Amino acid sequence: MEEIKKKELLSVYSGEAEQPFEWSAGKYVSRFLVEMRDNKTLVGSKCPKCSKVMVPPRRVCGDCFVQMDEIVKLSGKGSLYSFTVVNFGFVDPDTGLQRPVPYTCAYITLDGTNCTYAHYLSETDPAKIRIGMRVQPLWEENRRGHLLDIKHFEPIEG
Amino acid sequence: MTDWIEQTEDMVYKGRIKVPYTWWVGETGSHFFATLRDEKKLMGTFCAKCDMVFMPPRKNCGRCFNQQMSWKEVADEGTLLTYTVPAYEADIHPMKPPFAFGIIKLDGADTGLTHIVAGFGTGQLKTGLRVKAVFKEDREGHILDIRHFQPV
Amino acid sequence: MDKVGIVGVGQTKYERRKVGETFFDMIYEVTVKALDDAGLTIDDIDNVVTVSNDFWDGRTISSMAVQDACGARHKDISTVEGDGVYGAFYGAMRVLSGSFGTTLVVAHNKCSQSRMNQITNAMFDPIYTRALGLDAVTSSAMQARAYMDAFGVTAGQLAKVSVKNHRNAKNNPLAQIALDLTVEDVLKSRMLADPLHLLDASPITDGAAAVIWANETAAGKAKKQPVWLKGVGHMSDAYHLGDRDLARSPALVGAAGKAYAMAGIADPLKQLDVAEVSDVFSYMELMWYEGLGFCPEGGGGGLIDSGATEMGGDLPVNPSGGCLSANPVLVAGLARLIECVLQVRGEADARQVQGCSTALAHGIDGPCGQSHCVMVIGK
Amino acid sequence: MGKRVAIVGTGQTKGSSGRKDVNGQEMINEAVMKALTDAELTRDDIDAVIIGNMDHFEGINYVDTWSVDGSGGYMKPIMKVTTGGTTGTTVAMAAYYHVASGLFDKVLAIGWEKNSESDTTGAIITAFEPIVDRPTFAGAVGGLALMANRYMHEFGATQEDAAYVAVRDRRHALKNPNAHLQIDITIEDVMKSPMIAWPIKYLDMCPRTDAACAVIFASEDYAEKICPRPAWILGIKNRHNFTFLGDCALGTLLSLEDAAEALYPRIGITEPLKQFDVMELYLPTSFAGVQWIEALRLCPKGGGPELVNSGATDMGGQCPINPSGGVLSSNPIGATGLLRVAEGALQIMGRADKRQVPDAKMALVSGFGGCNWSDLMALGAKKPD
Chain A
0 MEEIKKKELL
10 SVYSGEAEQP
20 FEWSAGKYVS
30 RFLVEMRDNK
40 TLVGSKCPKC
50 SKVMVPPRRV
60 CGDCFVQMDE
70 IVKLSGKGSL
80 YSFTVVNFGF
90 VDPDTGLQRP
100 VPYTCAYITL
110 DGTNCTYAHY
120 LSETDPAKIR
130 IGMRVQPLWE
140 ENRRGHLLDI
150 KHFEPIEG
Chain B
0 MTDWIEQTED
10 MVYKGRIKVP
20 YTWWVGETGS
30 HFFATLRDEK
40 KLMGTFCAKC
50 DMVFMPPRKN
60 CGRCFNQQMS
70 WKEVADEGTL
80 LTYTVPAYEA
90 DIHPMKPPFA
100 FGIIKLDGAD
110 TGLTHIVAGF
120 GTGQLKTGLR
130 VKAVFKEDRE
140 GHILDIRHFQ
150 PV
Chain C
0 MDKVGIVGVG
10 QTKYERRKVG
20 ETFFDMIYEV
30 TVKALDDAGL
40 TIDDIDNVVT
50 VSNDFWDGRT
60 ISSMAVQDAC
70 GARHKDISTV
80 EGDGVYGAFY
90 GAMRVLSGSF
100 GTTLVVAHNK
110 CSQSRMNQIT
120 NAMFDPIYTR
130 ALGLDAVTSS
140 AMQARAYMDA
150 FGVTAGQLAK
160 VSVKNHRNAK
170 NNPLAQIALD
180 LTVEDVLKSR
190 MLADPLHLLD
200 ASPITDGAAA
210 VIWANETAAG
220 KAKKQPVWLK
230 GVGHMSDAYH
240 LGDRDLARSP
250 ALVGAAGKAY
260 AMAGIADPLK
270 QLDVAEVSDV
280 FSYMELMWYE
290 GLGFCPEGGG
300 GGLIDSGATE
310 MGGDLPVNPS
320 GGCLSANPVL
330 VAGLARLIEC
340 VLQVRGEADA
350 RQVQGCSTAL
360 AHGIDGPCGQ
370 SHCVMVIGK
Chain D
0 MGKRVAIVGT
10 GQTKGSSGRK
20 DVNGQEMINE
30 AVMKALTDAE
40 LTRDDIDAVI
50 IGNMDHFEGI
60 NYVDTWSVDG
70 SGGYMKPIMK
80 VTTGGTTGTT
90 VAMAAYYHVA
100 SGLFDKVLAI
110 GWEKNSESDT
120 TGAIITAFEP
130 IVDRPTFAGA
140 VGGLALMANR
150 YMHEFGATQE
160 DAAYVAVRDR
170 RHALKNPNAH
180 LQIDITIEDV
190 MKSPMIAWPI
200 KYLDMCPRTD
210 AACAVIFASE
220 DYAEKICPRP
230 AWILGIKNRH
240 NFTFLGDCAL
250 GTLLSLEDAA
260 EALYPRIGIT
270 EPLKQFDVME
280 LYLPTSFAGV
290 QWIEALRLCP
300 KGGGPELVNS
310 GATDMGGQCP
320 INPSGGVLSS
330 NPIGATGLLR
340 VAEGALQIMG
350 RADKRQVPDA
360 KMALVSGFGG
370 CNWSDLMALG
380 AKKPD
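Those sequence lines, one after another, are chains A, B, C and D. For the first sequence, numbering that gives the first Met the number 0 begins at 0 and goes up steadily by one. For the second sequence, numbering that gives the first Met the number 0 begins at 0 and goes up steadily by one. For the third sequence, numbering that gives the first Met the number 0 begins at 0 and goes up steadily by one. For the fourth sequence, numbering that gives the first Met the number 0 begins at 0 and goes up steadily by one.
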């Protein structure tokens, strides 16, 4: 290409553009959200073949490829499987704004399940968090059928 | 056992994807936009192998992969190749109706530039119509520095 | 080429909004249906190709939503982001490579969950075009205008496609919109973007589909006779709309030429028994007639006038009702292919084309049919 | 049966934190031109183009049709494949199957990303289930930190163990002119760098990169005519298990274990550490560098730190890992997997210049992404039987 006189490099900015979606939860996650909202209860789905209980509940057991019809109510208590304390800033795609940090992202093995479940943990000092520690949910007063009907999980004794 | 499926209300989550994008225009496109902004001129690129002037400009020829394109100014006036008048309003539209989308073969270019056509009378739009660019006063180096094209 | 054939198919009903179902639910439904159709179990499936689009789904790895629903655990898997015919083609390649005896191909979309204008606006270049606000409707309207102006095709001829396909849909229990229409009805329907009326356009649709490919050995285990791949080709035109002659489809000519050469087809109108083509907008079917060589360039309007592509004509096109009667984007191509399979098998019930042994499925990608994929299958 | 397939040319752009001088199509074209030059082919020779990236990093729908000016797809067969972080290896695998099917002889595979054009973590979060997974998830950094933490808990590995990999891969990158990061660092530097998501520190993590990579695959009928020492594809396997994040065990990379178990017997691998001369692995964090090699059976479970600290995976060691500098030195996400394939091919072809592993005959490359998914490809100098 011939020499370009201006070496200025321009860009195009998307501005406030966003794409709205109306994602169906499906019957399984709908039940999960309704139980949270109405009964402050977490539920999973149980595989009729391998008996594993998965949370969030879903229609098919990935290992067995069979439909999971049975919904199992959980105590909500569990053990911390892994965690990270997030310190860096980033845009939350659901708001277009920076997600507040620091926060602790916790993967919890809920009692009676065969997988882990992701939520916030109240504690953000890694020195005070121990994998294997017992945790339970802190429910919000006003619940709307949303993951954040649980404000966060917090450590408990035993 | 599956009665609960029938009984469960259908929850719908209204969310969004809102992530900001900054698209780098590149040296070739920056020259096009800077010239549009500063001089109200439209610069295409010429492939000597294909004997074609591309509008908008290309750094390389997409047809023969010639990497040695040269700049060629094209007119701000040209011929309407096709058009449509949207009969609905949408958030993505840059202006209120009536307006048209059109593909315009600018004089001196071999490809058409897609843009907005406005300022036309009822029944005036037709393929082959001569149209001319209307530039914005406050130009910022953007494709909408051409506000729209309108009949000559 | 070694032989590869389709031994199982499955589709959901196509609907405006499946509010109670996720991508996962729909994919499980069609996977089970395709397996049942083939008389196979998930253990007979060697690998999986999923088809989805991150923009429509609102997920940047849209395939992640369906892994367990299509039984993909512990199997090789990949994802095509494009029309279902391309996904099916890739699935067939994976069998032809000798690496796998069978491939399950699944596709899903819930167009009801997003806004069509914004999703399709995002296929336009963000630097030069996107801010203008084009979407699938307005860009296609410009193509329709260019096509009509170039060859004198009329709005009434476009409308005939809508009349035909919506009528054909009456015999397809899975179709979303089945209507008895007149040309007048189409022309009187609400203008979207001239020259396209509401009834010239395909609807917003939710749905999923699945096919199972098998090589000769694996096909022996299936309960259905395979419908063999005879020929296939795909090709893309230039990207910027103004770079293209929008009234013509040279990329389709190229794609079809390759498919026909493989399948030994010299006169497609005579040698094909059924064609299922991408009629996202009515005019497209006429343009694609020309690109597919069913008639000479500019002859699309004349061909629909002749009745040759009606049920009972020389070459019925879109007996399923086509995209005009249900358009779950991406899934649509797989639906075209599945209709061809059902026709060749003689399982198309009230819409069966008698003596069908060779059928053509077609899909498009990108703005205004920039890229085309053509597949010929038969006994 | 299918055709045998080899890589006959590669091209890549130098990694950068922001390629403001080119738009996406132009950056893709740079890599494509380099690959064509490397293979001594022209656009006319290419039978089909396969391209991939992650849509929401640049906000472009239908990247295959958008990119034809750069990719060379004008009036050619084009296809888009995409699977998240594994996109690059997914593209390579699609190119392999295109050629192996016998339907195409010379196929161009392209991976690219301009991570400078959006918020990488924000865009990655959109990969996950919107109702249950998205609200708490912190993108790749967060996911990888969860895995690192669990791994340390189960096997007693330390942050210092991992830091060795951060240093190793950056040192290797000093000999790769295309690497984005060219930094000479110590374990102390890594330990002192800011904690971004416990236990991952800034220098434990890969960068955000703008780059493109193009690789040309050819059938056995052409490969040796194009390239004096083509890199033959010996075998490929991938596993994209799991839909929800919470389904994955985190102490080991199960999908990689699964893929390796499927791949090794097919190509006669019983002792991977001995049999492979070089590995180029998708290791986006230092912790992955000690943990995931266990899934590849290079050492027993929990033995990763010892193996890495022995120097066996350094340049000059028994089986050098990531001569290119790896993902820790360049991470243009949609290209990252393909860059691993390209590096494996360069090593086999003997074109890796200052970072050449002497007489490399067998290479293993990997991809990682999605819901802890894994891709594997084995490359060799000897034409498969």
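Keep in mind the hints are simulated off the structure, nothing from the lab. This one's a predicted model, so the numbers in the text were calculated from it and none came from an experiment. You may find that some hints are simply not true.
[Claimed, not checked] The calculated PhoX-like cross-link candidates involving lysine-lysine, where the alpha carbons are at most 20 Å apart (straight line), are:
hint : chain 1 : residue 1 : chain 2 : residue 2
1    : B       : K71       : B       : K48
2    : B       : K48       : A       : K39
3    : B       : K39       : A       : K6
4    : A       : K48       : A       : K76
5    : A       : K6        : D       : K19
6    : A       : K6        : B       : K48
7    : D       : K360      : D       : K381
Tested hints:
Only pairs whose Cα atoms come within 20 Å are accepted, and B:K71 paired with B:K48 is accepted, the gap being roughly 15 Å. Restraint check for B:K48 and A:K39: the C-alpha separation of about 71 Å exceeds 20 Å, so the hint is violated. Distance restraint check for B:K39 and A:K6: the Cα-Cα separation of roughly 18 Å lies within the 20 Å cut-off, and the hinted pair is therefore satisfied. At most 20 Å may separate the alpha-carbon atoms for a hinted pair to count; A:K48 and A:K76 exceed this at roughly 25 Å.
Pair hint A:K6 plus D:K19 holds up; C-alpha atoms about 11 Å apart against a cutoff of 20 Å. A distance of roughly 27 Å separates the Cα atoms of A:K6 and B:K48; the hinted pair therefore is violated under the 20 Å criterion. With a CA separation close to 7 Å, the supplied pair D:K360 and D:K381 stays within the 20 Å bound.
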